[in-house]
Amino acid sequence: MAVKPAVLGDVPEVAERGNWRRTVLDFCRARPLGAIGAVVVAINILVGLGANVIAPYDPLTTDYGAMLARPSAAHWLGTDAFGRDVLSRIIYGSRTAMLVGFACAFLGATLGAVIGVTSAYFGGRADLLIQRVMDIFLAFPLIILALAVVSILGTGIGNLIVAITIPMIPRAALVARSSALAIREMPYVDAARAAGFSHRRIILRHMLPNVMAPYLIMLTAYLGQAILLEASLSFLGLGVAEPTPAWGLMLRGAAVQFAESAPWMAIFPGFAISLAVFAFNLFGDSLRDALDPRLRTQ
Amino acid sequence: MRLPFALLLALMAAPAGAQERPRQGGELVFVVPAEPPSYDAHREGTFALIHPTAPHYNTLLRIDPNDRTGTRIVGDLAESWTVAEDGRTYAFKLRRGVKFHDGSEMTSRDVKASYDKIIFPPSGVASNRKGIYVNVEAVEAPDRDTVVFRLTWPQGSFLSSLASPFSWIYKADILERDMRWYETHVMGTGPFVFVEHVKGSHWVGRRNPNYWDRGKPHLDGYRALFIKDAAAQVAAVRGERAHIQFRGFSPAERESLVGAMGAKVTVQESPWDCDLLVAMNHERKPFDDRRVRRALTLALDRHEGAQALSRIAIVKAVAGVQVPGTPFATPPAELERLAGYGRDIDKARAEARRLLREAGVPDGFAFTFKNRAVPMPYEPLGVWLIDQWRRVGLTVRQEVLETAKWVADNRGGDFEVSMDAQCGFMVEPDLDLYKFQSTGVSHNNYGRYTDRVLDELYARQSRAVDPEERKRLVREFEKRLLDEEAHYLYTLQWHRIVPHSARVRGWTITPSHFLNQQLDTVWLSE
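Residue numbers (numbering that gives the first Met the number 0), protein chains in the order written: chain A, 0 to 297; chain B, 0 to 525.
It should be emphasised that the hints constitute simulated quantities derived from the structure, not laboratory data.
All residues carry an ideal CB built from backbone N, CA and C; glycine is no exception.
One or more of the hints may lead you astray.
Sample of chain B residues facing chain A (criterion: CB under 8 Å; computed from the structure) [to be verified]:
id : residue
1  : V203
2  : S249
3  : A251
4  : S255
5  : E282
6  : E303
7  : R310
8  : I311
9  : D386
10 : V399
11 : A403
12 : V406
Input sequences plus hints: build the corresponding full structure.
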């Protein structure tokens with residue numbers, strides 16, 4: 000019996016299409032902490048995008064007459080050991096944090112989801128093999144694996160993104176696979192197979208969209224982790240290099256040496272990291288709660 | 000205002016206490032930031048060996064322990080010496096009654112065997128400083144108290160080379176049996192006898208009761224603590240668990256110690272015979288063009304940099320190829336005539352832009368600057384250099400590399416512009432300028448250039464016996480290296496800061512952290 004592929008090709012809706020404004024308002028009412036997190040995240044993104052307009056000083060310009068200056072009207076958050084404005088470097092630093100955060104979280108979650116769904120779809124030996132490879136990667140703590148990768152590839156933003164993304168992939172694959180195992184048994188997947196669609200089409204058009212909820216949760220959760228990892232690696236001297244403004248980088252070197260006499264050099268970038276990670280985690284947790292049907296019905 | 004005043008008091012405190020009568024007894028405890036790779040100074044080049052181990056040995060000559068310039072040569076095992084008129088024969092009369100720690104007497108045979116090992120090492124035996132004795136034809140021991148060095152050509156710095164703190168005198172009988180015995184054992188004629196080395200923890204020496212210099216050493220013994228972490232080193236001195244760390248601390252660490260210890264701390268400071276240099280790869284465009292290299296040095300405001308960076312890093316003086324204040328150093332007024340050393344930075348930077356335009360380098364030209372992943376002082380100087388070059392329209396991306404990769408890239412020429420470093424055990428033009436000879440002549444000229452004029456100047460200054468003639472040739476060398484050809488850039492002279500317990504007396508800082516480590520003159524006050 001012939002089946003019309005067009006009918007089967009339609010992906011079932013995961014969430015109701017509706018009034019986005021109302022959805023947002025409902026989210027804010029139901030999960031105010033998540034909403035606050037979202038606002039901080041949005042501010043971070045806007046600050047990063049508009050850094051060249053918002054920042055009062057060029058983050059690279061040194062002023063040896065104002066080295067280690069205390070917070071004042073001229074320099075709200077003080078200056079660092081080279082007389083560079085700390086506030087401006089934090090503002091520009093959010094650009095580095097967001098770039099690395101979003102790139103790593105998107106790449107890690109997406110590649111992980113594709114691998115996880117593929118593994119679940121094929122099952123059997125392929126699944127076994129992929130999962131064992133993932134297990135090897137999962138055996139290493141996130142930062143240890145990132146350290147190993149960055150020590151092989153070298154420093155710099157590009158390599159840093161690769162180094163942080165790699166350990167995220169197996170974690171995302173594990174979550175995506177567990178969701179995809181249930182989807183694999185759904186009648187519409189059987190129907191797609193019966194219709195003779197290619198594996199690629201079934202995975203990308205029929206299965207992947209249905210792991211969108213865990214994917215979004217992973218994405219937001221990984222954003223905070225990626226920002227923290229970027230800061231950690233930069234603090235260790237393995238991330239971005241001076242004079243690029245980056246929060247982790249601002250915490251090392253002179254900030255450590257002058258921690259007693261010029262604490263603002265470490266306090267404010269540290270606060271920026273904490274705030275960003277906290278906001279992403281709040282938002283991610285709330286998004287997970289909102290998208291989890293079991294929690295939604297409670 | 001309290002801290003600078005305390006610092007002033009600490010700096011004013013008399014460091015050596017030459018007028019005081021040394022007190023006998025006590026154990027000096029000092030921190031060593033690294034572990035010795037082996038026990039044989041003939042093969043090693045690190046302070047990590049010198050600091051804990053030098054007190055067990057003597058050298059033929061040494062630097063006067065009270066000389067702050069670290070250049071005045073005095074006898075150690077040599078009592079006196081004569082130099083032949085042609086400058087090619089040096090005869091040394093040795094002290095009598097010098098005994099090794101095993102009780103045997105030290106003779107000229109031991110000195111000859113030690114120098115034969117350094118200058119003519121047999122296959123399989125490493126000698127780090129073989130290169131500084133290339134003109135030594137033979138070492139002879141005509142009688143038990145005399146050693147003679149025969150040179151193929153006269154060398155102004157030969158006595159300095161013999162005062163190297165690495166040229167320890169070993170026992171000939173032991174070297175005859177096993178040339179590598181000293182890599183794993185300790186046995187010399189020095190003021191302290193070896194007690195124990197516990198790897199990762201400490202090194203202990205006790206007073207040599209049969210030391211040839213009567214009345215010395217003053218200490219009963221010493222204990223070296225191996226502590227890598229800088230904060231832990233500071234904590235050890237602050238908590239009075241250690242008296243001193245001889246290599247040096249940063250300005251922030253100095254302030255922290257002075258602030259915490261007040262009158263209990265003495266600070267000794269000195270220009271340091273170490274420099275961070277900038278190597279520009281002459282095999283990469285546009286750095287093959289002297290105008291571009293000159294522009295890079297003209298962009299640097301060294302005077303402002305020295306003032307500012309000395310607050311946060313272990314650098315201070317603006318210097319040429321010799322440590323300021325030492326015999327061959329260029330006077331400041333003359334130094335200011337070199338490219339990049341002038342006081343009018345606007346004029347210099349305008350000239351730099353003009354040279355870049357003339358060389359066809361576009362505004363905003365980008366290049367990669369490779370730096371070593373060592374915080375002090377590589378990191379602050381890297382930031383400073385990038386900022387200075389940015390001010391003449393250059394865009395610089397910094398790549399920070401682990402030491403092994405950094406060294407490999409420098410050696411292999413895999414860089415455009417890279418940080419380079421030089422540290423000498425003594426301020427001496429032969430040692431300090433050797434590096435800058437043409438590639439092939441010098442094994443560590445990372446600029447990869449060939450300049451026969453520079454090679455000729457090096458050879459001439461090295462053979463000049465008249466100090467004034469030698470000074471003139473060193474200046475010529477400096478002008479060609481840093482100004483006319485701008486083959487290399489000197490950044491800022493390192494600055495050595497040693498804050499230590501005020502109880503430590505009889506130790507004088509020098510521009511080298513390799514010198515003055517026999518500890519025979521050191522004592523502890525009440």
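Hint check results:
1. Nearest Cβ of chain A to the Cβ of V203(B): about 32 Å, over the 8 Å cut. The hint is violated.
2. The restraint placing S249(B) at the interface with chain A holds, with a minimum CB-CB distance near 6 Å, inside the 8 Å limit.
3. Below 8 Å, beta-carbon pairs count as interface contacts, and A251(B) has one with chain A at about 4 Å; its hint therefore holds.
4. Annotation: interface hint on S255(B) holds; nearest CB of chain A at approximately 7 Å, less than 8 Å.
5. At its closest, the beta carbon of E282(B) sits 22 Å from a beta carbon of chain A; the interface hint therefore is violated under the 8 Å criterion.
6. At about 6 Å, the closest approach between the beta carbon of E303(B) and any beta carbon in chain A falls short of 8 Å, and the interface hint on this residue holds.
7. Among the interface hints, the one on R310(B) holds; its C-beta lies about 6 Å from the nearest C-beta in chain A, closer than the 8 Å criterion.
8. Interface restraint check: I311(B) against chain A, minimum CB-CB distance 5 Å, threshold 8 Å, status holds.
9. Look at D386(B): its Cβ gets to within about 5 Å of chain A, closer than 8 Å, so that hint holds up.
10. Here the hint on V399(B) is kept, as its CB sits about 5 Å from the closest CB of chain A, short of 8 Å.
11. Taking 8 Å as the C-beta contact cut-off toward chain A, the hint placing A403(B) at the interface is violated, the least distance being around 11 Å.
12. Here the hint on V406(B) is broken, as its CB sits about 15 Å from the closest CB of chain A, past 8 Å.
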